[in-house]
Amino acid sequence: AAGVIQSPRHLIKEKRETATLKCYPIPRHDTVYWYQQGPGQDPQFLISFYEKMQSDKGSIPDRFSAQQFSDYHSELNMSSLELGDSALYFCASSPTGYNEQFFGPGTRLTVL
Amino acid sequence: GEDVEQSLFLSVREGDSSVINCTYTDSSSTYLYWYKQEPGAGLQLLTYIFSNMDMKQDQRLTVLLNKKDKHLSLRIADTQTGDSAIYFCAESIHTDKLIFGTGTRLQVFP
Numbered sequence: 001a002a003g004v005i006q007s008p009r010h011l012i013k014e015k016r017e018t019a020t021l022k023c024y025p026i027p028r029h030d031t032v033y034w035y036q037q038g039p040g041q042d043p044q045f046l047i048s049f050y051e052k053m054q055s056d057k058g059s060i061p062d063r064f065s066a067q068q069f070s071d072y073h074s075e076l077n078m079s080s081l082e083l084g085d086s087a088l089y090f091c092a093s094s095p096t097g098y099n100e101q102f103f104g105p106g107t108r109l110t111v112l
Numbered sequence: 001g002e003d004v005e006q007s008l009f010l011s012v013r014e015g016d017s018s019v020i021n022c023t024y025t026d027s028s029s030t031y032l033y034w035y036k037q038e039p040g041a042g043l044q045l046l047t048y049i050f051s052n053m054d055m056k057q058d059q060r061l062t063v064l065l066n067k068k069d070k071h072l073s074l075r076i077a078d079t080q081t082g083d084s085a086i087y088f089c090a091e092s093i094h095t096d097k098l099i100f101g102t103g104t105r106l107q108v109f110p
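These protein sequence lines map, in sequence, to chains A and B.
The numbering of the first sequence is this note's numbering, which starts it at 1 and goes up by one.
The numbering of the second sequence is this note's numbering, which starts it at 1 and goes up by one.
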């Protein structure tokens, strides 16, 4: 069965650089969620989209932005990267009204 | 995980039962989940329970929910070394974002 795809799986950036993380949800899933998991921390909700519109916003810095495209894939854009942005970034998808979120394998971002 | 608390560590002998506990504060939570995360890996959904249920059993896993005390537990029967991982409970309201607990590191020794 198709799963959530995230790319890249690993990313190394310097401070003040930008990064773009991509998420391809499971086919026919119209809702996408982004989570950030710092080292030794629990995942924290960043932002979600439903039918290409932002549906909820969590603790996402102003330096980050995200969008969902017409094919339902989503991108998380991160600018002016800081050391503290080093984390695992998870994307999850679900179909409308479904209580289960299906997680991707994550993108590990390291900021040097 | 400021609204969802778990104990940090649990160590059990192989073959014994493990019980991982979780307390949450939002009484409007509609679903409660248990996720497993192995080192450097993603989040694997183990099971979930709807807030109007008291118990759910799925093979070696038993979830108990005490809604009055806002307490959730996961019991793993016949714990194996492959069960060693971090276990997160999580809550959601309807189909909203997940709020994760602080995670419990389960170590299974022979």
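No lab work stands behind these hints, which were simulated from the structure alone.
Each residue gets a CB set at the ideal place from its N, CA and C atoms; glycine is no exception.
Heads up, a few of these hints could be off.
Said to hold, decoys possible - Quick list of simulated restraints, FRET-style, between CB atoms: (1) A:Asn-77 with B:Glu-14: 30 to 36 Å; (2) B:Leu-61 with A:Thr-96: 26 to 32 Å; (3) A:Lys-22 with B:Leu-61: 29 to 35 Å; (4) A:Asn-77 with B:Gln-57: 25 to 31 Å; (5) B:Gln-57 with A:Met-53: 34 to 40 Å; (6) B:Gln-59 with A:Arg-28: 26 to 32 Å; (7) A:Ala-2 with B:Phe-50: 43 to 49 Å; (8) B:Met-55 with A:Lys-57: 30 to 36 Å; (9) A:Met-53 with B:Glu-38: 33 to 39 Å; (10) B:Leu-45 with A:Thr-18: 46 to 52 Å; (11) A:Pro-61 with B:Asp-3: 17 to 23 Å; (12) B:Phe-50 with A:Ser-65: 33 to 39 Å; (13) A:Lys-15 with B:Glu-38: 27 to 33 Å; (14) A:Lys-57 with B:Val-19: 41 to 47 Å.
Cross-check of the supplied hints:
no., hint, in the structure
1, A:Asn-77 with B:Glu-14: 30 to 36 Å, "violated, 46 Å"
2, B:Leu-61 with A:Thr-96: 26 to 32 Å, "holds, 28 Å"
3, A:Lys-22 with B:Leu-61: 29 to 35 Å, "holds, 33 Å"
4, A:Asn-77 with B:Gln-57: 25 to 31 Å, "violated, 44 Å"
5, B:Gln-57 with A:Met-53: 34 to 40 Å, "holds, 39 Å"
6, B:Gln-59 with A:Arg-28: 26 to 32 Å, "holds, 28 Å"
7, A:Ala-2 with B:Phe-50: 43 to 49 Å, "violated, 26 Å"
8, B:Met-55 with A:Lys-57: 30 to 36 Å, "holds, 35 Å"
9, A:Met-53 with B:Glu-38: 33 to 39 Å, "holds, 34 Å"
10, B:Leu-45 with A:Thr-18: 46 to 52 Å, "violated, 32 Å"
11, A:Pro-61 with B:Asp-3: 17 to 23 Å, "holds, 21 Å"
12, B:Phe-50 with A:Ser-65: 33 to 39 Å, "holds, 35 Å"
13, A:Lys-15 with B:Glu-38: 27 to 33 Å, "holds, 30 Å"
14, A:Lys-57 with B:Val-19: 41 to 47 Å, "violated, 36 Å"
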